[in-house]
Amino acid sequence: MESQLGLIEQSFDLRYSGGVREALNELPDSFTITDPCISGHPIVFASNGFLKIFGYSKDEVIGRNGRMFQGPKTNRRSVMEIREAIREERAIQTNLLNYRKDGTPFWMLFHMCPVFGKEDGRVIHFVGVQVPIPRRPRRSRSTVVGNTGNLCENGARFREGMFRCCRREVCLDTVMELGCGSALDSVSSPDDREIEINEPCETSELEKRKANAAVSNVLSVLTHHSELTGKLVCGKRCCLSGTGLLGSSLNISLGRIKQSFVLSDPHLPDMPIVYASDTFLELTGYARHEVLGHNSRFLSGLDTDPATQFQIKECIRTEQPCTVRILNYRKDKTPFWNLLHISPVRNASGKVAYFVGVQIDDSCKNQEEHGLSPQRRQLSVVGAVKVAVRSLSIGASTS
Amino acid sequence: MMLRIKRVPTVVSNFQKEEAEEDSRHAGGCGRNCFRSCCLPGAKLPFYAFKKMNKIEGEKKSVGSENKESPVAFLDSLLLGEWEDRMQRGLFRYDVTACETKVIPGQCGFIAQLNEGRHLKKRPTEFRVDKVLQPFDENKFNFTKVGQEEVLFQFEPSMDNDVQFFPNAPIDIENSPSVVAINVSPIEYGHILLIPRILGCLPQRIDRDSFLLALYMAAEAGNPYFRLGYNSLGAFATINHLHFQAYYLAVPFPIERAPTRKITTTSGGVKICDILNYPVRGLVFEGGNPLEELSNVVSDSCICLQDNNIPYNVLIADSGRRIFLFPQCYAEKQALGEVSSELLDTQVNPAVWEISGHMVLKRKEDYEEASEENAWRLLAEVSLSEERFHEVKELLFEAISCSIEEDKGVTQNLLEESDFCPQSLEDVDALKGSHPGIVSV
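Protein chains in written order, with numbering that gives the first Met the number 0: chain A, 0 to 398; chain B, 0 to 440.
So here's chain A without its partners, still in its complex pose:
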């Protein structure tokens, strides 16, 4: 059974040769590397530059999701944009308000880009670079007169108009004037220093150059260290993502479902498992690579009732959901009664794309978690999977 930390170590160790972490830490920049294939899309590496700026120690950050640095004043639209970029496996550069460990917010230019496996085009990691945007001292901005600070919006909004209409060169100074920083304290109106408009504003060329350079450097290190293991990565997708491999966005979505289930692809020969949840691996004792690509019949054994197996086959053939109670075996050969629910899952085309199998260890059935019956919990997995598969196949396919 793989622990979270173990998976995080492996995320790097399996792909990059030794010394990669040290090489990355020789870079002065602030950046994090995340792994979308691990449930929760956690940070697997954080540079020293990053830890310094944010004020966290390595252990406080590794294994956690990047949203931990967001807070109440973080612009929701930017958050959405980043989420969508991850989903669509593409790069993004946007201004973002983040919070340090001591709770102080600051603006930064956030540049994120995917790292692709060269042979299969899969997203291996996401690299996120943070370039803080320095605050300029506020001039001639009045101290707020009593109320909400709407008076200050006057000037701010004037600049906003200018700001909104101007090209990058002009914005350079304007943005500094606005001091794309946020309110650090409760004294003045928070809006003063916020970007008044919610559309991504243009930052200075300096910040952008820094971000691009940092990304370049990181990719360089990663590419070099992947050559040594033979599992190449690159910054651009070199080939179409292989069939049978789920896009990272689906991986991320499915990773949120904390129950035992697998996804099998009926369009591939022998209908192999293309996704297995962590809980499934815990239940059955197998490692992920032992399970992916195999038909789930490996769970059955000597005393498994062939009639039940036939029932499952029939349901799959007729594309109908079914629930059966089947005797299965763990990796260590111990048997368990599996209350198995299988359901077809359609994608945006309306046709069946996968079958989801949700397992419940019958001996643990008595635990009424939160009051949802095991059957209901199974169905909730089906629902969540249906939403994910349908929604994530809706857009123009990038993978």
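Rather than coming from a laboratory, the hints here were simulated on the basis of the structure.
Incorrect hints may appear among the rest.
[Claimed, not checked] Between beta-carbon pairs, the in silico distance windows are:
1. A:Ser2 with B:Val162: 24 to 32 Å
2. B:Gln346 with A:Pro131: 47 to 55 Å
3. A:Arg296 with B:Gly199: 48 to 56 Å
4. A:Ser348 with B:Thr345: 55 to 63 Å
5. B:Val162 with A:Gly5: 49 to 57 Å
6. B:Glu371 with A:Ser372: 40 to 48 Å
Being a predicted model, the structure only gives us computed values, none of them experimental.
Note that beta-carbon positions come from the ideal geometry of N, C-alpha and C, so glycine has one too.
Could you slot chain B onto chain A? The hints should help.
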């Protein structure tokens, strides 16, 4: 002059009959397990009690304690599990996941769905569209007439400030619970109806309490792809019984991607913005602490529109953090014969989902030929004009009485007309030079 339009109402319940049949129903025991006094006593439903969290407390928690991941929230699981259960029991008129759907290529990312089964080939009914507030009519279809099996769970605030769930709780008829029911003609997976105080038989009109309930549901589900929507009468609500709708769709809505421009911030910290570069004019509300602050600003705005007989739609997005408000006038135009037949033929009634950018099309040709241009054109018809929208905004700001500085008018003009395309450097300088007085105090 009364304005009416004819349309075939969407069937949201298996017990929704045509009006003629409704009248023949008698008050005594109907024997079909409905939600009225004939069948309700003794009935039980799952009961979800949500925590009325103090948002400040919530924020403090989120900063720094945002844990590894956000697993599927319990409410999410409950809703999905119950919905899938009803699916497998055959309560829906069709399998919505078997309906083809796509994102229309273009800048906006409109989402189109081909759903031929949603609308019935029935005789269209007449709807009055010139009155946003209409009294509840017991004789028309309302949600007390749905079958109990169509109701998924009760949704109420918790007594002791902690989330609680009871899989089988009696229904407190005296205090009329709020419930969540399925929409048997779903637009997407998980399409439900949130019905505040169902037994109170409230007409379709927003009040502070009901809106807060909806907002809590959005926050509690904790899923940015689970959005709630509201249509006022005259803005394509067909059932005059207070309800919100919601469903799951894990793609961004075009409206959510539209750039915005801040107009003002209320004293409670609620930011109000104009929506830019979008065919329908509207406002978006964000922020405020606690949640009630945001809720009240929006519901007061809705109440103002209602009182002024302006039809509108509301979209609650981003787990309750962003709320979009669209006053509209399409139904009025339709009744006055001002909408082109081409648009009418698509039979798309632009309610909240359509306005947000999610279009359900019933004809294959409309789906095949769906384009950003067509979608934009349809939605542009829904929008209030620039002038009218400006008037409505004035009305709203007055109603929610936020302090706006005196010379807002000037800056407003300055900015309102400015295009979204970049201006030349000279213009910018001109701007700078000509309005020195606007630089703040």
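Comparing the hints with the structure gives:
The hinted range of 24 to 32 Å is satisfied by Ser2 of chain A and Val162 of chain B, whose Cβ atoms lie roughly 29 Å apart. In this structure the hint that Gln346 of chain B and Pro131 of chain A lie 47 to 55 Å apart at CB holds, the actual value being about 53 Å. At about 55 Å, the CB distance of Arg296 of chain A to Gly199 of chain B agrees with the hint of 48 to 56 Å. About 22 Å separates the C-beta atoms of Ser348 of chain A and Thr345 of chain B, a value inconsistent with the hinted range of 55 to 63 Å.
Separated by about 32 Å at the C-beta atoms, Val162 of chain B and Gly5 of chain A break the suggested range of 49 to 57 Å. At roughly 45 Å, the beta carbons of Glu371 of chain B and Ser372 of chain A sit within the given window of 40 to 48 Å.
Of the numbered hints given earlier, the model fails hints 4 and 5; all others are met.
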